[in-house]
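Visitor: Taken in order, these protein sequences are the chains called A and B. Position in the first sequence counted from 1, then plus 463, gives you the working numbering. Position in the second sequence counted from 1, then plus 282, gives you the working numbering.
Check each hint, because a few of them may be wrong.
Facing chain A, according to a computed beta carbon distance under 7 Å, are these residues of chain B, among others [said to hold, decoys possible]:
id	residue
1	Tyr315
2	Gly324
3	Met330
4	Phe382
Heads up, simulated PhoX-like pairs for lysine-lysine below, C-alpha to C-alpha not over 20 Å straight-line [said to hold, decoys possible]:
id	chain 1	residue 1	chain 2	residue 2
5	A	Lys562	B	Lys346
6	A	Lys562	B	Lys318
7	B	Lys338	B	Lys351
8	B	Lys299	A	Lys562
9	A	Lys520	B	Lys346
10	A	Lys562	B	Lys350
None of these hints come from the bench; they were simulated from the model. Treat the numbers as computed from the prediction; the structure is a model and nothing was measured. We put the beta carbon where it would ideally sit given N, CA and C, even for glycine.
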Amino acid sequence: KAGVTQTPRYLIKTRGQQVTLSCSPISGHRSVSWYQQTPGQGLQFLFEYFSETQRNKGNFPGRFSGRQFSNSRSEMNVSTLELGDSALYLCASSDSGRKETQYFGPGTRLLVL
Amino acid sequence: SQELEQSPQSLIVQEGKNLTINCTSSKTLYGLYWYKQKYGEGLIFLMMLQKGGEEKSHEKITAKLDEKKQQSSLHITASQPSHAGIYLCGADDEAQKLVFGQGTRLTINP
């Protein structure tokens, strides 16, 4: 089985722009979770989607949004980018949403200038 | 909100030596996850501990959960260069959101 893929792997944006990141889960997995990792705040949960519905959400401003499609692929969008949004964005997929069955993608590294 | 504190933040050990990483929770632990991350890459799930006193092993890595101390320890025996990376502990908060420790960066010197 192919693993979790994230595109793009690297991205450079400027303040005020918006960005869309994509995550393709392992075939058959219906749950996709997104995480943000920064040197200052560490690894933080953004949101989880299961069968196209947002099942849980972390403490992030409304500029961060996501969605999941019928084929389980997920996108997250960040609008009005700030310098502090520079981070490694990780997605993880699982068949049930249980943390111990999650497989992580390699991440998208976003740099906001 | 639940917080996880890991110690030490970084660790440099000689190849072949044993080492221990600790993860202490500010609240009751109902489940504790350990992950390994190579720098700038995704996480690899190592193991999950659910019950107080539970101990699990994966190759040369052993993790224990001390429910009373709200603490988990990860022990690596006879460390190898392949063990190098960042180790993170994670736990579910009351809302079933995964919270993480800040990570322990492990370097193995040959």
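Visitor: Next, verify each hint and record whether it holds.
Guide: To see whether the hints hold, each was checked on the structure:
| no. | hint | verdict |
| --- | --- | --- |
| 1 | Tyr315 | holds, 6 Å |
| 2 | Gly324 | holds, 3 Å |
| 3 | Met330 | holds, 4 Å |
| 4 | Phe382 | holds, 4 Å |
| 5 | A/Lys562 with B/Lys346 | holds, 18 Å |
| 6 | A/Lys562 with B/Lys318 | holds, 14 Å |
| 7 | B/Lys338 with B/Lys351 | holds, 18 Å |
| 8 | B/Lys299 with A/Lys562 | violated, 31 Å |
| 9 | A/Lys520 with B/Lys346 | violated, 29 Å |
| 10 | A/Lys562 with B/Lys350 | violated, 23 Å |
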